[in-house]
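*Asks:* This is what each chain is made of:
Protein chains: 2
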Amino acid sequence: MASNRYCIIMAGGSSTRFWPLSKSTSPKQFLDILGTGKTFIQSTYERFCQIIPKENIYVVTNEKYRDLLVNQLPELKEEQILLEPIRRNTAPCIAYACYKLLNIDPEANIVVTPADHLILNESKFLKTVESALSYTENHDALMTLGIHPNRAETAYGYIQINAEEQVDKHEHTYKVKTFTEKPNIELAKVFVDSGEFYWNSGIFVWNLKSILNALSENLPEIDSLFRDGVGIYNSPKEKDFIANIYSLCRSISIDFGVMEKAQNVYVKCADFGWSDVGSWASLFQVSPKKGRGNAEIGDNIITYNTSNCIISNKSDKMLVVQGLNDYIVAQTDQATMIIPKSNEKEVKNIVADVSNLSKEFI
Amino acid sequence: MASNRYCIIMAGGSSTRFWPLSKSTSPKQFLDILGTGKTFIQSTYERFCQIIPKENIYVVTNEKYRDLLVNQLPELKEEQILLEPIRRNTAPCIAYACYKLLNIDPEANIVVTPADHLILNESKFLKTVESALSYTENHDALMTLGIHPNRAETAYGYIQINAEEQVDKHEHTYKVKTFTEKPNIELAKVFVDSGEFYWNSGIFVWNLKSILNALSENLPEIDSLFRDGVGIYNSPKEKDFIANIYSLCRSISIDFGVMEKAQNVYVKCADFGWSDVGSWASLFQVSPKKGRGNAEIGDNIITYNTSNCIISNKSDKMLVVQGLNDYIVAQTDQATMIIPKSNEKEVKNIVADVSNLSKEFI
Numbered sequence: 565m566a567s568n569r570y571c572i573i574m575a576g577g578s579s580t581r582f583w584p585l586s587k588s589t590s591p592k593q594f595l596d597i598l599g600t601g602k603t604f605i606q607s608t609y610e611r612f613c614q615i616i617p618k619e620n621i622y623v624v625t626n627e628k629y630r631d632l633l634v635n636q637l638p639e640l641k642e643e644q645i646l647l648e649p650i651r652r653n654t655a656p657c658i659a660y661a662c663y664k665l666l667n668i669d670p671e672a673n674i675v676v677t678p679a680d681h682l683i684l685n686e687s688k689f690l691k692t693v694e695s696a697l698s699y700t701e702n703h704d705a706l707m708t709l710g711i712h713p714n715r716a717e718t719a720y721g722y723i724q725i726n727a728e729e730q731v732d733k734h735e736h737t738y739k740v741k742t743f744t745e746k747p748n749i750e751l752a753k754v755f756v757d758s759g760e761f762y763w764n765s766g767i768f769v770w771n772l773k774s775i776l777n778a779l780s781e782n783l784p785e786i787d788s789l790f791r792d793g794v795g796i797y798n799s800p801k802e803k804d805f806i807a808n809i810y811s812l813c814r815s816i817s818i819d820f821g822v823m824e825k826a827q828n829v830y831v832k833c834a835d836f837g838w839s840d841v842g843s844w845a846s847l848f849q850v851s852p853k854k855g856r857g858n859a860e861i862g863d864n865i866i867t868y869n870t871s872n873c874i875i876s877n878k879s880d881k882m883l884v885v886q887g888l889n890d891y892i893v894a895q896t897d898q899a900t901m902i903i904p905k906s907n908e909k910e911v912k913n914i915v916a917d918v919s920n921l922s923k924e925f926i
Numbered sequence: 565m566a567s568n569r570y571c572i573i574m575a576g577g578s579s580t581r582f583w584p585l586s587k588s589t590s591p592k593q594f595l596d597i598l599g600t601g602k603t604f605i606q607s608t609y610e611r612f613c614q615i616i617p618k619e620n621i622y623v624v625t626n627e628k629y630r631d632l633l634v635n636q637l638p639e640l641k642e643e644q645i646l647l648e649p650i651r652r653n654t655a656p657c658i659a660y661a662c663y664k665l666l667n668i669d670p671e672a673n674i675v676v677t678p679a680d681h682l683i684l685n686e687s688k689f690l691k692t693v694e695s696a697l698s699y700t701e702n703h704d705a706l707m708t709l710g711i712h713p714n715r716a717e718t719a720y721g722y723i724q725i726n727a728e729e730q731v732d733k734h735e736h737t738y739k740v741k742t743f744t745e746k747p748n749i750e751l752a753k754v755f756v757d758s759g760e761f762y763w764n765s766g767i768f769v770w771n772l773k774s775i776l777n778a779l780s781e782n783l784p785e786i787d788s789l790f791r792d793g794v795g796i797y798n799s800p801k802e803k804d805f806i807a808n809i810y811s812l813c814r815s816i817s818i819d820f821g822v823m824e825k826a827q828n829v830y831v832k833c834a835d836f837g838w839s840d841v842g843s844w845a846s847l848f849q850v851s852p853k854k855g856r857g858n859a860e861i862g863d864n865i866i867t868y869n870t871s872n873c874i875i876s877n878k879s880d881k882m883l884v885v886q887g888l889n890d891y892i893v894a895q896t897d898q899a900t901m902i903i904p905k906s907n908e909k910e911v912k913n914i915v916a917d918v919s920n921l922s923k924e925f926i
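Line by line, the protein sequences are chains S and C.
In case it helps, our numbering puts the first sequence at residues 565 to 926.
In case it helps, our numbering puts the second sequence at residues 565 to 926.
Treat the hints with care, since some could be wrong.
Identical copies carry no separate label here, and so any pair may be met within one copy or between two of them.
[What the hints assert, rightly or not] Computed list of lysine-lysine pairs in BS3-like fashion (alpha-carbon distance at most 25 Å, straight line):
hint : residue 1 : residue 2
1    : K854      : K912
2    : K602      : K853
3    : K923      : K878
4    : K739      : K688
5    : K741      : K602
6    : K854      : K923
Treat the hints as calculated values from the structure; they're not laboratory data.
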């Protein structure tokens, strides 16, 4: 493996949309929601270990998840763990990791990835990432992975390619024409039918110089805050420095802050069985089905006359379900939630209501 | 209180129809299914303590429930606890308790009651029992309490009164014409409309001489088995003696074995808010309703767009229910069950299926 290849795993999210499975004290990336036996971050780490030297894999997460992270990835050395004092979205997270890397390896060639995505075809995925890395090794390119859409999904952002501008000798790699927000269903259909639109995976590949230039050009205030730390990163002063500048940073995504503005943005299009597993519906989609089309995740589940449900049992308790259709039933050691699949957007409100009752369940 | 008044509480049932609340290791009589803060047997015991000397209250239960019983009613002395080695229905249970009492107080005047009924109007109930006891004090009568039916219930047996034969000076007390099994709905309507039929509560009042005579006449083999123990009851040999004769006893109810045959059977009709709480439907009926007609029993329950459900949370966990109508949702520390109210008869099959999976949940 090339020693200048690095991976930055972004693991700072704190969504509770999978409550009661996910809680603010143990968000999705630290859970085995799919029932694979590994948490998302463990799967992500192990996946990249196959193409990136272990010691070159860095994880950025919130301070409060440090123990969870160390517990789940005990191999990580202290210096591979970057702790954010507060959440500021992906741009500051990436700026922090990249400026820290500058001190370690100015020639770093980097893949940046969320911690909590599902990749079904791992070898195809890794080939795609390696191909992207081989391009950014000696090109000033901000590359993102685009997923060939197999349905008019409204939960993802889309990337429009410039079909005329295919990169030489790099299959399915194009200059980006536009990034789009999550579309409505009509627009999503148009996107998919056009053949020019790909799902935005939020996985990025670039070399250190390219991303630092792009930050400097497109997010100069944020860039300047983190640039001031050169000489401080990887020293005992790093923690205080980070605590200080994070509070000065605005919260902004790398997509909005950099990718949508920069000129050297490319997309590598592929199809490796990707899902952000960002919702119960998405979990249902990627889960194998039993009986009458139920996704049953976990042991000790018995169903009768029940169809098209997601039934997740993350406890040692029994879960018996009769006569439900199109419901989510999720049980943990702290709570059980029964809700129609069509209402999953209300989980947010439920979490707020439960939180009002007692913080212990959230 | 008259010192010759006694109470026999029958607490040997092992039904799991309220699973997952009730289990074979902790059946209904030892549970607080109604959420009153007391278990059924505690409520029953405390109710009778108001009219019967405490030391005269005896409890018959299965050997395996001894610890549960002692734990819930620590006031009971060892000699007030009668342990059955195997279940043989109510006739042997009553024969055992009555022959044991013969040695203690041949003048005993006795009320026999199930441990797990709900009585809403306690003072009216106690007055009824006292009135019955005052009659059996000096009459050779097998008296049962009949409940004025307020609906055509098919889950109860009925008692037809002989309206011509009202007992002198004892209001609402009649000679019994017939006992009936649980009727179908059409017959139940006829019963209720007739004004001659009352629900059979399974609560009996009689003096010791009367019930022993009745056992001897109507169930001579069982009577003979227990009569042989005179001189052994209340001695160290009692346990072995009981273990021996129970295995020889046939299983038969006091209703079928004695009450339906004897000639001196009377019913005292009353209306004190009685339910045998014998089913989820019956629990729903007697429970106060919240919101959209839900019976919510226990803490940490939140419902949305949910109506006419029984939601019982016997755990410290949260229970969130959205979009259910006419369901039973029951959660304990061992299991959660979600089932349409109309299917509660299938709980039996569910318990069998769960038991096949693992005995720990049953």
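*Asks:* Looking back at the hints listed earlier, which ones does the structure fail to meet?
*Replies:* As far as the earlier hints go, only 5 is violated by this structure.
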